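Engineer: The residues making up each chain are set out below.
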Amino acid sequence: MLYREAGDFKTSYKDDSQTFPIRIDRWGYYAILAIAFIAVPLVINDYWASAVLLPFLIYAIAALGLNILTGFCGQVSLGTGGFMAVGAYACYKLMTAFPEVNIVIHVILAGGVTACVGVLFGLPSLRIKGFYLAVATLAAQFFLVWLFNKVGWFYNYSASGQISAPTRTVLSIEVTGPTASPWAKYLICLTFVTVMAWLARNLTRGSVGRKWMAIRDMDIAAEIIGVNPLAAKLSAFAVSSFFVGISGALFFSVYLGAVEVGEVFGIQKSFLVLFMIIIGGLGSIFGSFAGAAFIVLLPVFLKNVLVGGMGWATDLAAHLELLILGGLIMMFLILEPHGLTAYWRTLKEKMRLWPFPH
Amino acid sequence: MPEQLLFAMEVILNGLMAGVLYALVALGFVLIFKASGVFNYAQGVLALFAALTLVGIMEGQVPFSHLINAIFGTDLHHFGWEIPAIAAILLTMVVMVALAYLVNHYIMRHLVNQDPIILFMATIGLAYFLEGFGDLMWGSDIKNLDVGLPQGLNGFIDETTFNAFGYGFFIDNLDIVASVVAALLVVALVIFAQYTKQGRAMRAVADDHQAALSVGISLNFIWVMVWSVAGFVALVAGIMWGSKSGVQFSLSLIALKALPVLMLGGFTSIPGAIVGGLIVGVGEKLFEFAIGPMVGGATENWFAYVLALVVLVFRPQGLFGDKIIERV
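For the protein sequence lines, the chains are A and B, in the order given. Take the first sequence: its letter number 356 is residue 356 in the working numbering, and every next letter is one higher. Take the second sequence: its letter number 321 is residue 321 in the working numbering, and every next letter is one higher.
Rather than coming from a laboratory, the hints here were simulated on the basis of the structure. A portion of the hints provided could be inaccurate.
Capping the alpha-carbon separation at 20 Å, the derived lysine-lysine pairs in PhoX-like fashion look like this [said to hold, decoys possible]:
| hint | chain 1 | residue 1 | chain 2 | residue 2 |
| --- | --- | --- | --- | --- |
| 1 | B | K323 | A | K129 |
| 2 | B | K323 | B | K34 |
| 3 | B | K34 | A | K129 |
| 4 | A | K93 | A | K129 |
| 5 | B | K34 | B | K143 |
| 6 | B | K197 | B | K323 |
Beyond 12 Å from chain A on every Cβ pair, some chain B residues (computed) [what the hints assert, rightly or not]:
| hint | residue |
| --- | --- |
| 7 | H77 |
| 8 | I83 |
| 9 | P84 |
| 10 | V97 |
| 11 | I107 |
| 12 | P150 |
| 13 | V181 |
| 14 | A204 |
These figures come from a predicted structure and were not determined experimentally. Glycine is no exception: its CB is placed at the ideal position from the N, C-alpha and C atoms.
Let's have the full structure, built from the sequences with the hints guiding it.
Structural biologist: As structure tokens, then:
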């Protein structure tokens with residue numbers, strides 16, 4: 001009864017095209033933001049931050065980025081892990097080279113560097129399409145990981161070949177390094193996520209986003225009606241890589257603190273982020289969050305049930321986890337190829353009509 | 001002859017052998033792609049699963065023993081018998097056919113007419129599933145696979161080349177066997193596709209599955225058959241790679257080695273898979289030999305991909321792929 005447009009009068013075009021046209025959605029959105037920014041930092045502890053919340057927030061940025069490229073522009077990429085590595089290493093180099101500059105600026109600059117690299121690897125997309133492009137982006141994945149592994153300059157010639165984040169502060173509160181408190185880490189990631197999601201939403205519903213979608217639906221037809229494929233595809237690669245780079249930078253500096261590139265940013269990471277957007281829903285901002293939450297929570301949940309609840313060996317639980325993850329992905333694709341976001345949409349449609357569905 | 005040249009020749013020969021093995025995996029991809037338009041990422045895991053099953057059957061392991069032990073508190077390991085290699089290979093083939101049936105019945109049948117990318121994702125899901133399933137069934141420790149293939153230095157080539165050039169080439173016997181098997185397999189597959197009734201039906205399905213359906217070809221049968229053939233190719237690849245470097249998780253990564261081979265040769269071409277495999281095999285070994293030491297080595301990880309990328313920029317359909325025609 002409450003969940004409908006009726007009675008919520010819009011008096012300007014701006015109101016008419018807002019993201020949440022229904023009042024309850026709007027209130028819900030503000031409520032979630034308020035809880036996330038005010039309530040959660042008060043109760044957060046180390047386990048929740050490092051096992052659930054931080055990975056969820058950071059993966060959500062990566063999923064948003066990949067969703068822009070794959071879901072909105074239709075260019076499948078399997079190089080996400082490599083681009084996250086670019087963000088991480090760019091952030092590391094900037095942090096160590098300019099220690100007096102604020103970490104937030106470093107993270108954004110790292111995103112910028114990743115965007116440049118992304119454009120470079122996006123260039124072949126003008127000629128290569130579909131699967132061929134998906135496999136071609138693997139070239140970026142393997143080459144970049146190899147590069148960061150072999151060239152000493154990137155990890156400042158440290159003996160272990162690892163990079164580790166020095167302690168940095170924002171508003172004189174530590175956010176990186178081993179002594180940073182979980183709520184500070186959580187808040188900085190949350191701020192980034194909020195800004196990035198706002199950015200993604202507004203980019204994708206503007207003229208840039210409509211061009212991307214035209215290219216996705218049929219690139220030749222889009223070209224004929226006047227969309228420049230070069231600009232559209234490369235801008236999608238740039239924006240997507242910017243997002244992915246920022247998530248990589250946060251993943252390294254705030255979440256993990258120390259990174260060995262082959263282990264953390266390997267091909268598995270690329271697939272993981274791709275799973276997120278497929279399960280969440282291609283071409284949907286909400287889907288990126290839903291997918292990230294699903295993929296982050298599932299292993300935690302399974303581990304707690306199998307190892308904690310039933311006392312099985314961890315390796316056995318790890319095998320079952322793979323099995324269940326694979327099975328769920330196939331099940332999702334068969335039952336609902338458009339992902340969690342399609343369920344969400346159906347639910348909203350039903351709620352609008354409730355309690356009189358006819 | 002100068003020594004460098006001899007080294008290079010040896011590297012090329014070994015590259016050719018490695019290329020044949022890549023081509024073997026790539027073949028499985030091409031078959032499924034041609035017959036059902038599915039880009040089967042699970043091919044590598046299929047090879048791992050086949051090899052695991054083969055070892056498990058040969059050694060008489062109890063399937064799911066870890067799981068059973070965890071649930072019922074029993075202590076099962078082996079049945080206590082050993083099965084000869086030939087019988088075990090046949091039994092494994094039965095398992096692979098059953099798997100093909102299950103994959104078609106429970107997954108692929110429901111995904112007809114979906115976007116290729118959805119199908120691709122489904123096979124990634126299948127890859128994860130099979131990996132977990134295989135580990136659960138047979139355990140995840142590294143296993144030795146020995147079906148009686150010859151291994152080690154080939155003395156004849158070593159001696160002949162030593163007499164001719166004063167430097168003996170190191171060629172592994174197993175690689176020679178693998179090349180011969182791969183060549184036979186390709187010939188058999190080509191004959192199967194060109195001259196048998198089922199082969200013709202398979203090509204018809206590949207061409208247009210609706211038209212094939214309307215002339216009375218059973219899609220379900222063809223797809224099960226294609227997945228079985230891919231399972232067979234995976235078994236052969238699994239035996240070769242498994243004898244070479246043990247049966248372990250990294251076996252499934254050969255799928256990643258086969259992808260650039262496919263891109264290079266074109267997804268739709270069987271000869272392309274062979275030629276692509278040889279080019280990638282020789283190319284990456286030569287590059288590692290000539291340039292590798294200068295840039296820190298381990299270039300094999302990415303060289304094939306970058307090579308394929310460069311080729312694709314000039315020929316977007318790969319060397320032998322069908323020409324891509326786009327209409328609005």
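Engineer: For every hint, state whether the structure bears it out.
Structural biologist: Here is how each hint holds up against the structure:
1. Annotation: proposed proximity of K323/B to K129/A holds, straight-line Cα distance about 13 Å (limit 20 Å).
2. Note on K323/B and K34/B: the hinted pairing holds, with a Cα-Cα distance of about 14 Å set against a maximum of 20 Å.
3. A distance of roughly 18 Å separates the Cα atoms of K34/B and K129/A; the hinted pair therefore holds under the 20 Å criterion.
4. Taking the CA atoms of K93/A and K129/A, the gap is about 34 Å. The hint is violated against a cut of 20 Å.
5. At roughly 33 Å between alpha-carbon atoms, K34/B and K143/B are farther apart than 20 Å, so this suggested pair is violated.
6. Taken as a hint, the K197/B and K323/B pair is broken in the structure, with Cα atoms around 27 Å apart against an allowance of 20 Å.
7. The beta carbon of H77/B sits about 15 Å from the closest Cβ of chain A, which is more than 12 Å, so the claim that it is off the interface holds.
8. Every C-beta of chain A lies more than 12 Å from that of I83/B, the closest at about 25 Å, which supports listing it as non-interface.
9. Distance check on P84/B: its Cβ is at least 29 Å (rounded) from any Cβ of chain A, clearing the 12 Å threshold; non-interface status holds.
10. Residue placement check: V97/B keeps its beta carbon more than 12 Å from all beta carbons of chain A (closest about 20 Å).
11. The beta carbon of I107/B sits about 6 Å from the closest Cβ of chain A, which is not more than 12 Å, so the claim that it is off the interface is violated.
12. Residue-level check passed: P150/B sits 33 Å from the nearest beta carbon of chain A, beyond 12 Å.
13. Residue placement check: V181/B keeps its beta carbon more than 12 Å from all beta carbons of chain A (closest about 26 Å).
14. The Cβ of A204/B sits about 23 Å from the closest Cβ of chain A, beyond the 12 Å cut-off, so the non-interface label holds.
Comparing the model with each earlier hint shows violations of hints 4, 5, 6 and 11; every other hint is respected.
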